Amino acid sequence: MLDICNLHASVDGKPILRGLDLHVGTGEVHAIMGPNGSGKSTLAQVLAGRDSFTVEDGSVSWDGVDLLAMPTEERARAGLFLAFQYPVEIPGVSNAYFLKAAVNAVRRHRGEPEYDAMDFLKRVKAEMKAVGMSEEFLYRSVNEGFSGGEKKRNEVLQMALLEPRLAILDETDSGLDIDALRTVADGVNRLRSPERSMIVITHYQRLLDYIVPDQVHVLSRGRIARSGGRELAQELEARGYGWIEDLQGAQAARGAAS
Amino acid sequence: MSTLEHWLQRYNAGRDTLPGAGVPWLDALREEAIMRFADEGWPSNRLENWRHTSLTLLEERSFAAAAAPLTAAAVVQGLRRDDDGAAGGHWLVFVDGRHAPALSDIGALPAGAQIRALADVLATRPEWVEGHFGTADDGASPAALNAALAADGAFVRLARGVTLEAPLHLVFIGGVREDASLVRNLVIAEANAEATIVEHYVGAEPAAAGSAASAGALSNAVTRIAAGHDARITHLKLQEEGRNTVHLAAIDAVQARGSVFASHSLSFGAQLARNDIATRFEGEGCEALLNGLFHVDGRRHVDHHTRIDHAQPRGTSREFYRGVLDGAGRGVFAGRILVAPGAVRTDAMQRADNLLLSAQAEADARPELEIYADDVKCAHGATVGQIDEDSLFYLRTRGLDETHARNLLTYAFAAEVLARIGLAPLKRRAQAAIRARLPGGELMEAL
Ligand SMILES: Nc1ncnc2c1ncn2[C@@H]1O[C@H](COP(=O)(O)OP(=O)(O)O)[C@@H](O)[C@H]1O
Ligand SMILES: [Mg+2]
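Residue numbers (my numbering), protein chains in the order written: chain D, 1 to 258; chain U, 1 to 447.
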């Protein structure tokens, strides 16, 4: 359902994604791993529509639609969700208002009736309980003063409320203790369904003990350097990322020689 | 025309009928004040404090009553309806700078509280005012014009330990039949007294936007507040005058030991508004909050000059000003903090932040710290910026369209200032007032 072909993206003229290919089928969960700075967040942000990155080449087709041609908010309404690596603090906007505005924007798009305050509160409180957030977080400003773990739970909460077709989780596990990691993973697993695809970006294979992916990809220097099953994640854990980069370097050298 | 002659003539013609005329100290003070105004004229940008806000435009300008005057009664009704606590509130209404008894409703007052029209007090008990009226030398020349010509205003006196439970609302409706309103408000709070005083400034919009440059009203207000020791005074000013009005105002507080003064200055209307807000700590352990929000669009201009005089030790001041600037609007903030020799353990903090919604809008924010004491904490910061791109993107990834997201962030920026207003009905009123001015504000009600 998601076809990324030869994607090149740059920021301020500096190339970051350099010919990335990725195919994620409906209902599949793909993990993307890779060293810091390899372009994982850039990929996530480009898919969500961040315009500070320039797409230089390539295409992204989502159920046959040209994803890159859609404005950010339309991608969201059509069911693309990005859980941010660094969720943004928005002082002065209550989490409750924010969540309700988001849910209703998506519901409107789907032709579903908008939630009124009562229905919304009922729904959001149930979801908050599931991700281990106290109701107090409804009335605080979005992410403001939240701990790292609270911010990540708030991302999972949004994902649960928005019921996306394609969820991209950008290092939702980093900085979490084991309990928080479990809660987040449970949240993700609850959402797994044959209609929903997920891209789980992570630096550590630890998360993949809880969220078992269909495929694992290694991103290095802006390209998918290697793809495989779960065992690839374990290999990475054991050997580190160095060998992937060495492999890539060798390939590049062979390419140049021939 | 608004030339100096116009005002001198007005003074000459009116001085014998001003309330309190014939009271020697007051006659002398008014004479001195009009002389100062004649001498200095309207402030020009040659003066350091008026660098960004010249009033020389006033010399070429004629003033006129509104083409489509407001019905004062309807205005008051509207304000009272908005105020949840209206039933118990105290309302003193002025039309074109004159007390309108029929529209006022002082309500029941606790013993030891007096709320009167200044004109009445000057006419009957001028000795109550002596020493509190101010002098011809206070502030800038518009304050001198006010001292010479202001015929009315509110006179509030709270005896020791008296608390006004409900807010006192002072409503000033300008440009109804006259081209200028000059008011002077005196608030005298004795030791341990407590009150919240709200000043509403409202006026008609010009009949047609095209006629904007020609005529409008002048609104000139001075409020003087004396807070006795351990008194707690909250002052909220909501300026929503018509886009043709020139609003020139000063708020001057003096604080005795342990007193707490909070000023919320919300400047949303007028073509040009200048607010000079000052407080002086005359005893130890005073606290002041100077909180402000302004909004300009079109070619409107708002200028706040504040001054906190830490003249005594252990004073705490917090200052937060924000501006939302659209169109070719202009905003100025200059915050002066003085820490006198010996004012040890002073704790002063100032922030001024401006949000520019258009490329033509312009904001200046300037701290001026003068510190002559050791062992003090003084911090300040000022920013001028646009909507944060990260926040905008975050909201859009959640399905909010760009316009909604921008409006939401703009309102949130403004609403943070209003969150400091303690009384819920006043906070809600202020929120509604800014929502009415910001794009898409009507969607933000649930925020
Ligand atoms: N806005 C930006 N401006 C400049 N460089 C950026 C920007 N965003 C990312 N980069 C650079 O792009 C590269 C990839 O970053 P990123 O996608 O965040 O990596 P990852 O998420 O894999 O750690 C890094 O070298 C980073 O410094
Ligand atoms: Mg990253």
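For the record, the hints were derived by calculation from the structure and aren't laboratory data. These numbers come from a predicted model, not from an experiment. C-beta: ideal position from N, C-alpha, C; glycine also. Be aware that one or more of the hints could be misleading.
Simulated restraints on C-beta separations [what the hints assert, rightly or not]:
1. A359/U with R108/D: 24 to 34 Å
2. R190/D with T383/U: 41 to 51 Å
3. E237/D with D374/U: 34 to 44 Å
Not everything, but these chain U residues come out facing chain D in the computed CB check (under 8 Å) [said to hold, decoys possible]:
4. S391
5. Y394
6. D401
7. L408
Computed list of chain D residues with no C-beta within reach of chain U, every gap over 12 Å [stated by the list, open to error]:
8. A48
9. D57
10. G58
11. T72
12. A78
13. Y97
14. A102
15. V103
16. R108
17. H109
18. A126
19. E127
20. L176
21. I178
22. G228
23. Q251
Of the hints stated earlier, which fail here? Result: hints 3, 8, 11, 12, 13, 14, 15, 16, 17 break, sorted rising.
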